[in-house]
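Using my numbering, you'd call the opening residue of the sequence shown number 1 and step up by one each time.
In case anyone wonders, no lab produced these hints; they're calculated from the structure.
Glycine residues also receive a C-beta, built at the ideal position from the N, C-alpha and C atoms.
Fair warning: there could be bad hints in the mix.
Claimed, not checked - Derived Cβ-Cβ restraints for the label pairs, each shown as a range:
| # | residue 1 | residue 2 | range |
| --- | --- | --- | --- |
| 1 | T100 | E187 | 35 to 41 Å |
| 2 | R205 | P43 | 21 to 27 Å |
| 3 | A35 | R126 | 42 to 48 Å |
| 4 | R168 | C109 | 42 to 48 Å |
| 5 | T41 | R130 | 29 to 35 Å |
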Amino acid sequence: MLIPLAPVLAVQAWRTVRRTPRLDPAAGDERGFAAGPHPGTGPDYRVVVLGESTAVGVGASRHAEALPGFLAEALRDRLRRGVAWSLSGENGATARRITTGLVPAPDGCAADLVVVTTGINDLIRRRPLRRWTADVTELIAVLRDRYPGARLLVAGMPPVHRFPALPRPLRSVLGARARAMDVITSEAAAVGGAVHVPMDEAMARDRRLFASDGFHPSAAGYRAWAQDLARAAVPAPEPGLPAQHTPPAGAVPPRTVN
Numbered sequence: 001m002l003i004p005l006a007p008v009l010a011v012q013a014w015r016t017v018r019r020t021p022r023l024d025p026a027a028g029d030e031r032g033f034a035a036g037p038h039p040g041t042g043p044d045y046r047v048v049v050l051g052e053s054t055a056v057g058v059g060a061s062r063h064a065e066a067l068p069g070f071l072a073e074a075l076r077d078r079l080r081r082g083v084a085w086s087l088s089g090e091n092g093a094t095a096r097r098i099t100t101g102l103v104p105a106p107d108g109c110a111a112d113l114v115v116v117t118t119g120i121n122d123l124i125r126r127r128p129l130r131r132w133t134a135d136v137t138e139l140i141a142v143l144r145d146r147y148p149g150a151r152l153l154v155a156g157m158p159p160v161h162r163f164p165a166l167p168r169p170l171r172s173v174l175g176a177r178a179r180a181m182d183v184i185t186s187e188a189a190a191v192g193g194a195v196h197v198p199m200d201e202a203m204a205r206d207r208r209l210f211a212s213d214g215f216h217p218s219a220a221g222y223r224a225w226a227q228d229l230a231r232a233a234v235p236a237p238e239p240g241l242p243a244q245h246t247p248p249a250g251a252v253p254p255r256t257v258n
């Protein structure tokens, strides 16, 4: 079915690249802290965010108002303790690039939670699904080895089939590919002891959650996404457990089924 559409898809892709605004990564420190309600009463919860353009806040003005900062705030509210965050990312990074060049070297500081965002650049570059499977599997294994005691969240592919920046039929074709990649990511996460967190498709229906390029999240989009990730990182307590109960580091909650 795609062969007759190939010329149309090529033209649409070319026009989209030319017309889409190029946004810079967020500015500000790549480390931060969300103070808890009772400073000095216990160890801080430590979060590492790494990955592609969404990890470095493309579409937001500052990291504190992008995924790392908003995630720290959401976790603080759920845990009732201070949350320290850091990030390592690169605009345009593929899964392979993250594995080989963006995973921080051991510095003596452990992490309680690691969040990785990846996939969109492999999608754009038409990475074969077989190689994507190998890439994301290796990335999860490297992160699990680097942060053995941490809970590892792998963000799901965004709902590309709803991106305002993409015209049809290009949007539909890329969206179908993204969904196939997301299934692979979910399976690799389950095997590798990570948690796959699907992105809520409802977010893509609100234009306010997109940045001006119609491709990346806005600050409001990062905030909504961070809330979803925080809920996956710190699930609601079971009946009888106190609200501030924190699962042991490295524990894996039930995987969400797409």
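Verification of the hints:
1. T100 x E187: 35 to 41 Å: The hint (35 to 41 Å, Cβ to Cβ) is violated, given that T100 and E187 are roughly 22 Å apart.
2. R205 x P43: 21 to 27 Å: violated, 40 Å
3. A35 x R126: 42 to 48 Å: The hinted range 42 to 48 Å holds for A35 and R126, with Cβ atoms some 44 Å apart.
4. R168 x C109: 42 to 48 Å: holds, 47 Å
5. T41 x R130: 29 to 35 Å: violated, 50 Å
In summary, the structure is inconsistent with hints 1, 2 and 5 from the numbered list given earlier, while agreeing with the others.
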